[in-house]
Amino acid sequence: MFYAVIPAGGSGTRLWPLSRAGHPKFLHALTGTPLSLLQATYGRLSDLATPETTFVVTGVAHAAAVARQLPGLPEGNILVEPTPRDSCAAIGLAAAVIARRDPHAVMGAFAADQLVRDVPAFTSVLRAAIRGAEDGLLMTIGITPTHPETGYGYLHVGEPTGSGDVCKVASFEEKPALPLAQAYVDSGEYLWNAGMFVWRVDVFLDELARQQPSLHDGLTRIAEVWDTPDREEILAQIWPDLTKISVDFGVMEGAGVAGLVGTVPGQFGWNDVGDFHTLGELLETDTAGNVVVNLDPSAPTGVIMQDAERVVVVPQSGRLVAVVGVNDLIVVDTPDALLVCPRSRAQDVKKLVDSLKERGSAELL
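In UniProt numbering, the protein residues as written are 1 to 365.
Note that these hints are calculated values from the structure, not bench results. Hints are supplied without guarantee of correctness; some may be wrong.
[As the list claims (entries may be wrong)] 25 angstroms max Cα-Cα, derived BS3-like pairs, lysine-lysine:
(1) K175 <-> K244
(2) K244 <-> K350
(3) K244 <-> K357
[Claimed, not checked] Ranges between beta-carbon positions, derived for each pair:
(4) V225 <-> A322: 21 to 31 angstroms
(5) E309 <-> E174: 28 to 38 angstroms
(6) D336 <-> R221: 35 to 45 angstroms
(7) D336 <-> G153: 29 to 39 angstroms
Glycine included, C-beta positions come from ideal geometry on N, C-alpha and C.
Generate coordinates for the entire structure from the input sequences, incorporating the hints supplied.
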C-alpha cells in the first residue's frame with residue numbers, strides 16, 4: 001500500500017504580493033486551469049494513493065482552506081502543525097503517524113506547490129521510485145535538466161543499483177552559480193533536486209533516529225498520542241522545541257554519504273512555480289510574449305498593453321492596469337500592494353518580503 005504525503009506550508013515569498021502567509025501559493029490556481037496547485041498535486045497522486053492513504057501536513061492558518069479545497073480527503077488525514085518547524089518535522093510527523101498504522105509502508109512526500117504537466121510520465125517514474133524504496137533505499141526523484149538553472153539544487157548521480165533506472169546519489173549540491181550549473185548540465189551526471197521523496201517509513205525513521213535523535217524521539221512521542229485525547233497537550237509540550245531543519249539537510253545528505261539514497265530521473269514537465277518570471281514561461285503568451293495571469297477566467301482582465309513585450313501582469317485589485325512601452329517587466333497589482341520589477345530580478349522579490357518583516361509590516365505579509 002502506498003501513502004502519499006503532501007507538505008503544504010510556506011508563504012511563497014517570491015510570489016508576493018499575490019502569495020501571502022494567510023493564502024499562500026499552493027492555494028492559488030496559477031497554471032491556467034481552475035485547479036489550485038494543491039488540488040493538482042492531490043489529483044495526480046490518485047492513481048497510486050487513495051484518499052484514505054493520502055495525508056496533507058499544513059499549518060493552523062491553512063487547515064480550513066485545505067479541507068475546503070480537498071473535500072474528499074478524510075478530516076483525520078489533515079495533520080496540523082502548531083507552528084512551522086521546517087520540512088523534516090512536517091514529513092517526519094507524517095512518517096511517524098503512518099508507521100503507527102502500517103509499520104513497513106512505502107510513503108512519498110510531494111510539495112503542494114509544484115507543477116507537473118505530464119501526469120502519466122510522472123506516475124511511471126513514481127512507480128520506479130517505489131520499487132527502489134521497497135529495496136530499502138531512501139529515494140528522491142530527480143529531474144533531467146533542460147538548461148543550467150541556478151535556482152535549483154542538484155543531485156550528482158552515482159552508479160546504477162538494482163533493476164530499472166535506479167541509481168545511487170553520490171552527493172547533493174547546493175544552488176550553483178551559472179558557470180557551475182552549465183558544467184553540471186554539460187556533464188550529464190546531474191539532475192535537478194525536485195524535493196520529491198519516496199521511502200519505507202521504517203527505513204526513514206531509522207535514519208532520522210541516527211542523524212536527528214531528538215527530533216525522532218519527539219515525533220515518535222507525538223505519533224503515539226496522535227489518535228488520542230492527549231494529542232494537543234503533548235503537541236504543546238514537544239513541538240515548539242523540535243529541531244528546525246529541512247529534510248534535505250537533516251536526513252538526505254547524510255544518508256547519501258552513507259550510500260542509502262537512490263534516484264530515478266524524470267521528464268514530466270516539472271516546475272516549482274517559484275516566481276513570476278517562471279509563470280511568464282509556463283503560461284500562454286500573446287504574440288509579443290506578454291502574459292496576463294487571470295486567476296478568475298470568468299472575470300474581465302482589466303489590462304491594456306501597448307508596445308510592450310514579455311511583460312507579466314497579475315491584476316488582482318479590480319482596477320485597470322495599463323502598460324505602455326516597456327519590456328521584460330513584472331506588474332502585480334493587489335488591493336493593498338503593487339509590485340513592479342524586471343523579470344530578471346524576479347527571485348529578489350523574496351528580499352522585499354524580508355524587508356517588510358524587518359519593518360514589522362505584518363499586515364502586508
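Tested hints:
For the hint pairing K175 with K244, the CA-to-CA distance comes to about 21 angstroms; that is within 25 angstroms, so the pair holds. Between K244 and K350, the direct Cα distance comes to roughly 20 angstroms. Compliance with the 25 angstroms bound is thereby established for this hinted pair. A threshold of 25 angstroms between alpha carbons decides the hint, and for K244 with K357 the separation of about 20 angstroms falls inside it, so the pair holds. A C-beta distance of roughly 57 angstroms is found between V225 and A322, which places it outside the suggested range of 21 to 31 angstroms.
Here the CB-CB span from E309 to E174 is close to 34 angstroms, well matched to the stated 28 to 38 angstroms. Range check, D336 to R221: about 42 angstroms between beta-carbon atoms, so the 35 to 45 angstroms window is met. Roughly 34 angstroms separates the CB atoms of D336 and G153, a value that falls within the hinted 29 to 39 angstroms.
Hint check: a violation occurs at hint 4 only; the rest are consistent with the structure.
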